[in-house]
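Each chain, written out:
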Amino acid sequence: MDTYYLMQVINGLSVGMIYALIAIGFTLIFGVLNVVNFAHGEMYTLGAFAGLVCINAFGSPLAIVILVALAGGAIAGIGLERIAFKPFRRFQDEASLKSRAMREATLLSSLAVSIIIKELIQHFFGAEMQTIPGQYLLNNPIPVGPLSLSSGQFLILGSSILMLGGLQYVLYHTRTGLSIRAISNNPLGAKYVGLSVDKTIIATFAVGSMLGGAAGIMVGLYYGAIFPSMGFAPSIKAFVAMVMGGLSSIPGAVICALILGVCEALATNYLTQGWSDMVAYSFLIITLIFFPQGIFGARRERV
Amino acid sequence: MTDTNMKAHPMRAKLLTAAILLLVLAVVPAALSAIGKSYYMQVANSALIFCILAASMNLITGTAGLLCLGHAAFFGIGAYTAALLASNYGLPFLVTLPLSGLAAGLAGAMVALPTMRLISIYFAVATLGVGEIIHVTLLNWVSVTRGPMGVQIFEPITIFGYKFTSLLSIYYVTAVLACISIYLIWRMTNSYFGNALRSVREDDQCAEAMGINVIKLKIQAFAASTFFAGIAGAIMAHSVGYISPDSFQFSESILILAMVVVGGLGSLPGGILGALLLIMLPEAARGLGDMRMVAVGVVMFLSILLLPKGILGEVSAIQMARRQFNAAWNGRQSVGWK
Chain A
304 MDTYYLMQVI NGLSVGMIYA LIAIGFTLIF GVLNVVNFAH GEMYTLGAFA
354 GLVCINAFGS PLAIVILVAL AGGAIAGIGL ERIAFKPFRR FQDEASLKSR
404 AMREATLLSS LAVSIIIKEL IQHFFGAEMQ TIPGQYLLNN PIPVGPLSLS
454 SGQFLILGSS ILMLGGLQYV LYHTRTGLSI RAISNNPLGA KYVGLSVDKT
504 IIATFAVGSM LGGAAGIMVG LYYGAIFPSM GFAPSIKAFV AMVMGGLSSI
554 PGAVICALIL GVCEALATNY LTQGWSDMVA YSFLIITLIF FPQGIFGARR
604 ERV
Chain B
573 MTDTNMKAHP MRAKLLTAAI LLLVLAVVPA ALSAIGKSYY MQVANSALIF
623 CILAASMNLI TGTAGLLCLG HAAFFGIGAY TAALLASNYG LPFLVTLPLS
673 GLAAGLAGAM VALPTMRLIS IYFAVATLGV GEIIHVTLLN WVSVTRGPMG
723 VQIFEPITIF GYKFTSLLSI YYVTAVLACI SIYLIWRMTN SYFGNALRSV
773 REDDQCAEAM GINVIKLKIQ AFAASTFFAG IAGAIMAHSV GYISPDSFQF
823 SESILILAMV VVGGLGSLPG GILGALLLIM LPEAARGLGD MRMVAVGVVM
873 FLSILLLPKG ILGEVSAIQM ARRQFNAAWN GRQSVGWK
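If you read the sequences in order, they're chains A and B. Its first residue numbered 304, the first sequence is counted upward by one per residue in my numbering. Its first residue numbered 573, the second sequence is counted upward by one per residue in my numbering.
Everything labelled a hint here was simulated from the structure, so no lab data went into it. Some hints could be false.
To be verified - Simulated DEER-style distance windows between Cβ atoms: (1) A:Phe-361 x B:Gly-719: 34 to 44 Å; (2) A:Pro-390 x B:Asp-818: 32 to 42 Å; (3) B:Pro-728 x A:Trp-578: 31 to 41 Å; (4) B:Ala-585 x A:Ser-585: 45 to 55 Å; (5) B:Val-599 x A:Met-432: 43 to 53 Å; (6) A:Ser-585 x B:Tyr-661: 51 to 61 Å; (7) B:Trp-713 x A:Pro-390: 35 to 45 Å; (8) B:Tyr-814 x A:Phe-361: 40 to 50 Å; (9) A:Val-447 x B:Leu-674: 55 to 65 Å; (10) A:Phe-457 x B:Tyr-661: 47 to 57 Å.
All of these numbers come straight from a predicted model, not from anything done at the bench. For glycine and all other residues, C-beta sits at the position ideal for the given N, C-alpha and C.
I would like the entire structure built from these sequences, with the hints used as guidance.
Structure, rendered in structure tokens:
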């Protein structure tokens, strides 16, 4: 393969990993609550801004910045759950959990909260792009054989693989993970065997938003630009990946996010920057028309 | 029931209609002229355009129960069709208006054909994707749409040789067209067609079993709704004179959705009230400055939380108005639930 194409594939993989981290949050929350969290893109933005505040105010080392972004994402996720989701979970019976009105009310409330968060960030930080100080920027070239990768790509690929591994450990080897899986499988059954639905939902939001926040700060450090509406485009792409993956399958979402990232990176050879957004949306429409339940999904009953 | 009442009391129905028309066509512009600021005339103009948009979105999201997250894109198709036809070929307003409605309606039908099998969130996601595709196209197809620079219309609105140049006359054109559009949508939602759509919203399998062609009905509703969104776009393009892709983004779709939700899903008066409220609110709260979208978000959130049925929910708007108000209006004694 041509070196240039190999470079593009690696660029695509690192962008795809960002989509994957956001998509996992979507998928986890959809699995547990059966609703789409439209404010998830704002968790990404909040993570990035938490990191930025940490850089500008304290000049702390990189590891601390990422930890702060993780914590910021987790706190934002818990707050979001409290404000936009908890008030709409007053009715816990199966009919309400499946009812269209309940689901759409939650969807709309998360949309409303996402508008509020975005506009508040814009109010306090301004609409223009915030620049990252030079010493934090992660675009030093690192030669690997004939390729020239940047340190940001190493960080993104490395830490997202680490986080995916950590997530897998949490989901399959801890009690919290067990209850997340139980509730996403059968909420009422899980409740009857004594699992705390509320605590599990809070844990899910914390974990999902943590990954989103980490993705936000990593993109900020790699591209050097943080702005209030930065969450929209990646979260739509992540959303596409989640729908392609079948809404409730984490491996499906990750694979589709990587496919999406690579396809977009390769498409920039043939299309200009603006048009490359079309790739994801076309994928979305094609998937919905031909595989209405996603490519890797089809196990969950559609209600 | 409304039909029979209107037939039984043609005078009163006519009086009510006349009162509303008088309010929109005479009292509001007179009051705005009395304030003496042309700026408020533009606000009133855009409020009326958003009334058409909210009413049209109410047809699919409220009455048919299909959550549409890309409504602004069809608004944009209408606006761009009108603007491009007017600026490139110099076509008059009376030609571009129906053409842009047809273009948006055709686009809506094209979108609806494959996506109508999708339900709830899948349909919402598909319309979101379509909306973004249309926005990206408007932004990047520079040779046709002039990209981010937008399109300008220099010719004023001309109807039968009369040029509408002043803000007041443009307001009149918008008001008349808005009244006609909203009346047509109102007739549609209160006909057999609208009731069939409500049955599809409540239980599509049951409606199908009763012999309703659900897919066809949804496609018709979507095409009709996007037709009126296109009409609104054409009015906006001609009355403002300049359009750019910024006006047709996801955030505008959310604004229209917020209007419908705040007013009450499925209730046409509610949608119009929501549109007026959410356009006037930022003007009333000008002190907030750049916090105006925060206010929109807060109003939307609180209305979902505290008024799940909206300000004028469908039940209160249709049944309460029909039962209580009509009974009193017709001079019958039995005011109450039947």
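Taking the hints in turn, this is what the structure says about them:
1. A:Phe-361 x B:Gly-719: 34 to 44 Å: holds, 42 Å
2. A:Pro-390 x B:Asp-818: 32 to 42 Å: holds, 33 Å
3. B:Pro-728 x A:Trp-578: 31 to 41 Å: holds, 35 Å
4. B:Ala-585 x A:Ser-585: 45 to 55 Å: For Ser-585 of chain A against Ala-585 of chain B, whose Cβ atoms are near 50 Å apart, the range 45 to 55 Å holds.
5. B:Val-599 x A:Met-432: 43 to 53 Å: holds, 47 Å
6. A:Ser-585 x B:Tyr-661: 51 to 61 Å: violated, 31 Å
7. B:Trp-713 x A:Pro-390: 35 to 45 Å: holds, 43 Å
8. B:Tyr-814 x A:Phe-361: 40 to 50 Å: holds, 46 Å
9. A:Val-447 x B:Leu-674: 55 to 65 Å: holds, 57 Å
10. A:Phe-457 x B:Tyr-661: 47 to 57 Å: holds, 55 Å
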